[in-house]
Amino acid sequence: MQKMTIMAFVGNFTESIQMLTPQLHAIIAASVSIKSSQKLKKILEIILALGNYMNSSKRGAVYGFKLQSLDLLLDTKSTDRKQTLLHYISNVVKEKYQQVCLFYNELHYVEKAAAVSLENVLLDVKELQRGLDLTKREYTMHDHNTMLKEFIQNNEGKLKKLQDDAKIAQDAFDDAVKYFGENPKTTPPSVFFPVFVRFVKAYKQAEEENELRKKQEQALMEKLLEQEALLEQQDQKSPSHKTKRQQQELIAELRRRQIKDNRHVYEGKDGAIEDIITDLRNQPYRRADAVRRSVRRRVDDQNLRAVNGVELAM
642 MQKMTIMAFV GNFTESIQML TPQLHAIIAA SVSIKSSQKL KKILEIILAL
692 GNYMNSSKRG AVYGFKLQSL DLLLDTKSTD RKQTLLHYIS NVVKEKYQQV
742 CLFYNELHYV EKAAAVSLEN VLLDVKELQR GLDLTKREYT MHDHNTMLKE
792 FIQNNEGKLK KLQDDAKIAQ DAFDDAVKYF GENPKTTPPS VFFPVFVRFV
842 KAYKQAEEEN ELRKKQEQAL MEKLLEQEAL LEQQDQKSPS HKTKRQQQEL
892 IAELRRRQIK DNRHVYEGKD GAIEDIITDL RNQPYRRADA VRRSVRRRVD
942 DQNLRAVNGV ELAM
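Going by this note's numbering, the first residue of the sequence shown is number 642, and it counts up by one from there.
Each hint should be verified, as a subset may be incorrect.
What the hints assert, rightly or not - Dumping the calculated DSBU-like pairs for lysine-lysine here, alpha-carbon to alpha-carbon at most 35 Å:
no.	residue 1	residue 2
1	K676	K707
2	K790	K826
3	K753	K683
4	K842	K723
5	K856	K680
6	K707	K777
7	K680	K826
8	K680	K819
9	K676	K808
10	K753	K718
11	K707	K682
Keep in mind that the hints were calculated from the coordinates and are not lab data.
Generate coordinates for the entire structure from the input sequences, incorporating the hints supplied.
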């Protein structure tokens, strides 16, 4: 029975090494890249700072949040249900922090690491060591067996390298998890890495949707400008179009303002990040120049009321 076990171990050893090594390397690469990424760190700082700014009138400053709370950026949606808070964050990053837009390019092998059960890999490495120890004992009892001798000589170093990789992977993962304030004992790779996989996927999608929305708004603006130019030509040819022209001007101006001042109130779910974004359910984001714009709005309203004899034909 023992000989059959040794034969199976020897026959499967190379395949086991080839299967386990890439998994350990994925854990190492993903852990190191996530912890060392300065651009990812900046993105998280922006999220935290933005949340504190939005929430500043209601609560004190929040100094951190759990990684799982990143999922709430997808659940927190604008009142028209067309955008998430992540869409807004993506816009802020693109407009103000372009140097970190491609933060996800600094993260390596995260998807592969998310599929690894580090606990099982480490157990497999220990099982290989037990198999090698059993093979060595068998060889000491039958030192004339040249096959066992060659196997031990050729593969003992490979197992040692695998064990070194296993220790590096465990240490690198623990360091990364602790760096983000999580507990390695309760946060395995199958929980830790998928957070970043989901966040990167959602962020890229938000970028694409923002770009599409921008193109659609630009197309609408160009269409409105073309219509205005056409009406201008008609006015020059026929004064009877003057009243209608005034109507169209007001409509176009209101539409432009709607596009330009496209702010959203966000509605969210309770969760670990509630200290940052709970109040977004009931309160819109107000920019620093909100007071100045409100004054401009009152002046514009007065100007609109001063237009006599013109009705908006919507």
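Against the structure, the hints:
no.: 1; hint: K676 x K707; in the structure: 15 Å, holds
no.: 2; hint: K790 x K826; in the structure: 40 Å, violated
no.: 3; hint: K753 x K683; in the structure: 24 Å, holds
no.: 4; hint: K842 x K723; in the structure: 18 Å, holds
no.: 5; hint: K856 x K680; in the structure: 27 Å, holds
no.: 6; hint: K707 x K777; in the structure: 48 Å, violated
no.: 7; hint: K680 x K826; in the structure: 27 Å, holds
no.: 8; hint: K680 x K819; in the structure: 19 Å, holds
no.: 9; hint: K676 x K808; in the structure: 17 Å, holds
no.: 10; hint: K753 x K718; in the structure: 30 Å, holds
no.: 11; hint: K707 x K682; in the structure: 14 Å, holds
Checked against the numbered hints given earlier, this structure breaks hints 2 and 6; the rest are met.
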